[in-house]
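Chains as they are written, first to last, in the working numbering: chain A, 1 to 594; chain B, 1 to 292.
Since the hints were derived computationally from the structure, they do not count as laboratory data. Take these hints with a grain of salt, some might be off.
Stated by the list, open to error - What follows is a list of derived Cβ distance ranges for each label pair:
#, chain 1, residue 1, chain 2, residue 2, range
1, A, Leu53, B, Gly18, 33 to 43 Å
2, A, Ala48, B, Ala200, 48 to 58 Å
3, B, Arg259, A, Leu587, 23 to 33 Å
4, B, Pro161, A, Leu581, 53 to 63 Å
5, A, His55, B, Gln136, 41 to 51 Å
6, A, His55, B, Pro161, 39 to 49 Å
7, A, His55, B, Leu197, 33 to 43 Å
All C-beta atoms, glycine included, are put in the ideal place defined by N, C-alpha and C.
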Amino acid sequence: MSFLHPLALLGLAAAAIPALLHLLQRRIPPELDFPPVRYLSAAERESARRLKLRHLLLMILRTALIAVIVLAAARPLIPLRGGGAHQPTAVVIILDNSPSSGAVVSAGPVLDRLRVAARSSLARTTSADRVWLMLCDGVLRGGTREALLAIIDSTHAGWQRLDLVDAVGRAARIVDAQPLPGREVHVLSDLQRTALASGRADVPRGVRILALEPGSAVTNRGIASVTVSEGAAVIELGGSTPAGRDIPQPVPVTIRIGGARRDRAGGGGGGGGGGEIAARGLATPGGSGGTMRSAVTVSLPVQSLAPGWWLGEAALEPDELRVDDRRPFAWRVAPAARVTATPGSGSFVAAALAVLQEGKRVSEGRDVVISGGEAAPPNAPHAIVQPPADPALVGQANRGLAARGVPWHWGDVGTPGNLVAPQLPALDGTPVARRYRLDGASDEVLATVNGEPWLVRSGNVLLLGSRLDTAWTALPTAPGFVPFIDALVNRIVIGEADVNSAEGAPRVEFRTRGTDTVGATVFGPDPRESDLTPATPALVTTAFGGRDRVEVLSASALSAERFSGTRRADASAILLILALLLAAIELAVATRTR
Amino acid sequence: MAQRLDLLDPAEVARLGGIEIVAEGVVEGFLAGVHRSPFRGFSVEFTEHRAYQAGDELRYLDWRILGRSDRLFVKQFEEETNLRAMILLDASRSMAWQGTPERLTKRAYADRLAAALALILLRQRDATGLVTFDEQVRQVIPARVKAGQWTRIVRGLLDTPDGRGTAAHAALQRLTALLARRGMVVLVSDLLFDRELALAALRYLRHRGHQVIVFHLMDPAEVKLTGPPEVRFRDPESSVSVVVRPRELARAYANTVQREIAAWRKACRRHGISYHHVQTDMPFGLALRLLT
Numbered sequence: 001m002s003f004l005h006p007l008a009l010l011g012l013a014a015a016a017i018p019a020l021l022h023l024l025q026r027r028i029p030p031e032l033d034f035p036p037v038r039y040l041s042a043a044e045r046e047s048a049r050r051l052k053l054r055h056l057l058l059m060i061l062r063t064a065l066i067a068v069i070v071l072a073a074a075r076p077l078i079p080l081r082g083g084g085a086h087q088p089t090a091v092v093i094i095l096d097n098s099p100s101s102g103a104v105v106s107a108g109p110v111l112d113r114l115r116v117a118a119r120s121s122l123a124r125t126t127s128a129d130r131v132w133l134m135l136c137d138g139v140l141r142g143g144t145r146e147a148l149l150a151i152i153d154s155t156h157a158g159w160q161r162l163d164l165v166d167a168v169g170r171a172a173r174i175v176d177a178q179p180l181p182g183r184e185v186h187v188l189s190d191l192q193r194t195a196l197a198s199g200r201a202d203v204p205r206g207v208r209i210l211a212l213e214p215g216s217a218v219t220n221r222g223i224a225s226v227t228v229s230e231g232a233a234v235i236e237l238g239g240s241t242p243a244g245r246d247i248p249q250p251v252p253v254t255i256r257i258g259g260a261r262r263d264r265a266g267g268g269g270g271g272g273g274g275g276e277i278a279a280r281g282l283a284t285p286g287g288s289g290g291t292m293r294s295a296v297t298v299s300l301p302v303q304s305l306a307p308g309w310w311l312g313e314a315a316l317e318p319d320e321l322r323v324d325d326r327r328p329f330a331w332r333v334a335p336a337a338r339v340t341a342t343p344g345s346g347s348f349v350a351a352a353l354a355v356l357q358e359g360k361r362v363s364e365g366r367d368v369v370i371s372g373g374e375a376a377p378p379n380a381p382h383a384i385v386q387p388p389a390d391p392a393l394v395g396q397a398n399r400g401l402a403a404r405g406v407p408w409h410w411g412d413v414g415t416p417g418n419l420v421a422p423q424l425p426a427l428d429g430t431p432v433a434r435r436y437r438l439d440g441a442s443d444e445v446l447a448t449v450n451g452e453p454w455l456v457r458s459g460n461v462l463l464l465g466s467r468l469d470t471a472w473t474a475l476p477t478a479p480g481f482v483p484f485i486d487a488l489v490n491r492i493v494i495g496e497a498d499v500n501s502a503e504g505a506p507r508v509e510f511r512t513r514g515t516d517t518v519g520a521t522v523f524g525p526d527p528r529e530s531d532l533t534p535a536t537p538a539l540v541t542t543a544f545g546g547r548d549r550v551e552v553l554s555a556s557a558l559s560a561e562r563f564s565g566t567r568r569a570d571a572s573a574i575l576l577i578l579a580l581l582l583a584a585i586e587l588a589v590a591t592r593t594r
Numbered sequence: 001m002a003q004r005l006d007l008l009d010p011a012e013v014a015r016l017g018g019i020e021i022v023a024e025g026v027v028e029g030f031l032a033g034v035h036r037s038p039f040r041g042f043s044v045e046f047t048e049h050r051a052y053q054a055g056d057e058l059r060y061l062d063w064r065i066l067g068r069s070d071r072l073f074v075k076q077f078e079e080e081t082n083l084r085a086m087i088l089l090d091a092s093r094s095m096a097w098q099g100t101p102e103r104l105t106k107r108a109y110a111d112r113l114a115a116a117l118a119l120i121l122l123r124q125r126d127a128t129g130l131v132t133f134d135e136q137v138r139q140v141i142p143a144r145v146k147a148g149q150w151t152r153i154v155r156g157l158l159d160t161p162d163g164r165g166t167a168a169h170a171a172l173q174r175l176t177a178l179l180a181r182r183g184m185v186v187l188v189s190d191l192l193f194d195r196e197l198a199l200a201a202l203r204y205l206r207h208r209g210h211q212v213i214v215f216h217l218m219d220p221a222e223v224k225l226t227g228p229p230e231v232r233f234r235d236p237e238s239s240v241s242v243v244v245r246p247r248e249l250a251r252a253y254a255n256t257v258q259r260e261i262a263a264w265r266k267a268c269r270r271h272g273i274s275y276h277h278v279q280t281d282m283p284f285g286l287a288l289r290l291l292t
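Extracted from the complex, chain B is given alone in its bound form (with noise of 0.2 Å):
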């Protein structure tokens, strides 16, 4: 039985290619896990057939076509296309830190998802952009739903270079202006930035009619501080600078991270965005599996 890949460690399924091959991989696992395509809902006004896909609901199967060549095929509807979606990627240098050396850094692991997730809006024939961002917008790839756009926006992934700091709250509220349909918006972020700025670039674009989805990536090794008995750490985006002694703050700084999610979450809750809290070390299976 081959293994599915989306269900595998991160880093074991990076291992096995770039980013293409790693997110269709993803993508094959993961569709063939959902009894339903994922996403979007089917609209009355037939546009086409295409051919059934595992995990597409059978009430959308021809079982005219069926009954006369014995081929399975679903009906598409006219709104499915009408989805635009972009997939806002945090390229910033917070985002290139791994934990140990055999985790992906934040960076590769939200590339490989943001690749992922883009293939199975394409699929679904939903126009899906990316813009990647630091302190600027790096990368901006139109929402389309025409061949190649996957490519090309894997190409945008791999043509946006670690970042140097983070003014996140800035680039949100720049690409406030370059979404001016509405559609899907998906926050790919470590978050290290001012919540409240950020919240109101976000509240912002809910606000015009955008669904927005944040994933907070963190690596586990911020979730559990760990380390020598003494320790200067520094954020390498601010080279803030502070010495401590893991062991006995290990406890203190848990709460804190925890705080800081429920923060989080509450506040999403709160303007209607949908949260989701993803650790690298969670296989891209799952981390899809949330926005279902």
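In isolation and in its complexed conformation, chain A is listed as follows (with noise of 0.2 Å):
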């Protein structure tokens, strides 16, 4: 048993004041003359043992009246399993909001269900509980009762991934640090699987975690990523499948193309090139569980390979849960580069730029000046630049690069190996037998060989670690030399597209330098949000903290037991009327029996 006012306790004192009356009374009382004193000898006599009942019976009654009263001010609360008041206690509410939150489910959203379950929660707390409240975005927020009923209330479903592992770790850790006797976390979440995945969260001992839990799994399928390449854009699909039906399904795509942005950079571009190209892949399942992934390729039209910014939107066919099944994208198509090879760039790449004109991805000109790094880097506004072929030509050329204010130089001939370049696929493997270590600093590194830099950029200069030579490199000989070269001239050197991608609303957002668009980003639904199997309940516990920590349990079990371990009721009242039927008693017994 607690008390709210246990400072009261100390007018517990106040229940010695009968004995102690009774004590203090004993003084001598007046003497008067009455003749009869043998009858009263006898009544007394008589009624010896009935006054001694008495009094002791009064002093009890009194006493336990003052004590009564005294402990009804200090507001007892007693345990109860049922209804009633509860201890302070420090509670955070993670309302799970994410995107995957909006799947409708038995004829509604999951939000709204678990919504219901976060009014309630707050309906229980009092004044002397502090209470947070955590949405998708992982921002705690806290403020009164009403307040946070209204945040509740006005609560959409959003476009945040929440990772509950560390939200729950961070709502452990919030709640603990209060100085009040309960502590709880409720989770008001779907519960997805992949929002598990991150490990085990750190719950202190003493904090409970009140898992909501999850509901039925659902079937989902969604966009989780568009990429456009040499042409053709790649649709990623991910989602969800109930247990058992892993038979690969044809999925019907739609691709809108909205259009090019005009783009200064890019050299004028296209215009127009609008239009809806249906495709239908293939989505297998795939990984564990009911997972499924699946990739969908779908051709673009030729006026959409026009330089320039382009975007468009993938859309799936309606289902349960909707942010997921249309995804924006965006491309861009970069102009022909106006190259000119310097003569001592050697004449495996004079054959590939041949190669690319006639097929016209270059053209004529200086835009891009391929070097054989016998003289200084050429004065175009982009370079790429070999090592020389006679070292002792190396020093010079690096002087070349520093008055150009390129960080990097050509240094000690570097071991042989085979190039490793994550963003060129085509290089990987590629034997390296000779070249210069490249020293410098900060720059993009784009290929190494042996874990040394072997391909750079810095601002408008490649530097390469070896010739483009079959002396140096096996790489002339190679199947994917000439669209190697085509990606150093059209992108590398000119600066690839930069397109991200980000959670939030589905969108599009360009981003500019001075007058010219240096990249997007590409808003959209984390694709993790689109696979909606729940999580076990031995997931959530593990994941949660363990067993001692974590219950999972349906909405009226959470009702029962949220703020359970704290749960009390206030007797105060019960004790009023206990003292309104010891003062009665004491009435009677004072009146009653003289």
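Join these two chains into a complex; the hints should help.
What follows is the structure, given as structure tokens:
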């Protein structure tokens, strides 16, 4: 038992008043003549036992009356399993309104069910509690109950994924830091399995994690990402399927090309080019459980290959979760680079350029100069520089680089090895027999040999560790040499179109530098939100701190269990009734037993 | 209309004057209120006439005198004057107690009651005497019917001081020797003594052929216990004391008193003794009427 006003218990000392009065009243009484004392003595003899019992009873009743009134004033709280008030509790209500909460299950959004539970939790709080609300943005919101109720009421499915393990860990630390008797975290989430994949939350002892059990698993298919490469859009699909439904299924996909964005840096680009393309892909189950992974490749129309920034949107047929059924995407088609190769760049480069020129991938010009390092780097907007064939010229070439402001230079001869180039898959594994070590710092390393930079970019200059010659590397004889040169002159040295993805409402935001568009960010829900497979109670228990801290409960059980660790009923009313009863008994004993 | 003193509050009546005045006033009122002489019948042996008094029975009216002289006389008979009444008055210390100053002490009440009773008896020409006692016999006025007897009785009452203790049974045993001739014995006392011993003496008187009448006097404060929250009550005669809380003992005390009265009444009835419980706030007339 605990008390809301424990200081009032000091008043229990008043319970000694009846006994003290009894002792203090033992003064010498006044003496009066009264002839029939014999009658008095007889009456007293007859009543002695009754009077003694009465005195004892009255003293007990009065002492108990004072004690009960003092106890009532202290507002005792007795443990209860049912309703009732509870001890002051620090509680974080995690209302997971991540995109997956918008899934429609049993004719209603999951979020509605979570919101009801959150309101119920909040309604049970008292002014003595400390309450925070955490939504999918991970921000802890404090405030009055009314303010938090207003937030809950106005909450809709958000666009951010909530890592429940991290959220529970932070919430547990917050409540654990509060000097209150009760500490609870209410997890109101669809408990996606993917939201619990980040390990195990560090939950301090004494913090109760009450998680609302997830609903039934539903089938969902969503667009995880869309990438455009070489005239085709690759649509990655994700989602979940109930256990047992692991047969590949065709997936209709619709691509809308929204048109080009004029791009000065891109050299003009084309206009128009809008249209809608329907395609079908095959979604096949992959990974573990009911996770679905598949990709659909859709060729883009020819007009969309015109230089410039392009926007598009991929769409699936509507299903239970709508937010992942559409996803915008953007890509850039660069204009053909105007390239000049110096005589020292080698015959293989000249041959590759000839091929590209024939295919109209490059044209004659000096936007990009490929040099052999035999002289100072050409004063061109963009340069691709190979090391000089004569080692004696390396120093001169390095001075030329330094004059241009390139922080890299060729150093000692490096050991042979194979190329490693994550961004240029065609180069991976190509042997390099001869090379110079590239010394420098901070700029972008595009390929390495033996862990040492082999291809680096510094501003508008690309620096190679080897000459593009078969005496140095097998690359000129590899099938990917021409595409490599194409990539170097059209994408890498000019600056690859920077298309990032981020969480948020589906849209595309372009980044500009001056008047040039230098990149784009495609917003959409996290692909993991498409997987609606709920976590098992065992996984939830493990992820949230263990069996001794976590309870996964149904809505009714959650309603009964929340605050139950500290739930108390205010017994003051009962005590006051008892006090009235004692007073009535005392009155009866004091008057009726004379 | 003149007020009848016998029906007024005894304390108020006592303020009118001494015992004689009060007793005469009470007796006048008392006799005016009854239609026959209170105590005795009349014998067939005529002795003399006396003036008619209110309350005399009309059958004893001498019609001849009425017819001749137009005056009212009643005929008296010989046996009427043969009654010998002895009033035994308890003068113990406990009798000198009063519950409140506004009320008469039991002794004062008993004096006036005895005086009035004696006056009535003497007016009927009954030989009346007085014995006062506490632990000893203090005054003995033999029963006479001659003139001035009432004055002697009153003086005897006045000359008897408040006693110290009560050993009534001893006094009563001595009295039995003084009351040789049969007659009426009226005991006026608060009966705060041993009941069995006192009853033995009264029973002896009864056995000797006396008509015994007991007036049990009590102050109303002795019937209903009141007082401060806690008090030490002390018996003025024995100095025995007891500490009580009157409020919580009141009911038990009242029961004890009623039980004591009932015991006296029952014992007296068993032995042919007339028992009358009188509180000192009872008008004298009502107390006297108990004897009729």
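Outcome of the hint check:
no., hint, verdict
1, Leu53(A) - Gly18(B): 33 to 43 Å, "53 Å, violated"
2, Ala48(A) - Ala200(B): 48 to 58 Å, "31 Å, violated"
3, Arg259(B) - Leu587(A): 23 to 33 Å, "29 Å, holds"
4, Pro161(B) - Leu581(A): 53 to 63 Å, "60 Å, holds"
5, His55(A) - Gln136(B): 41 to 51 Å, "44 Å, holds"
6, His55(A) - Pro161(B): 39 to 49 Å, "43 Å, holds"
7, His55(A) - Leu197(B): 33 to 43 Å, "37 Å, holds"
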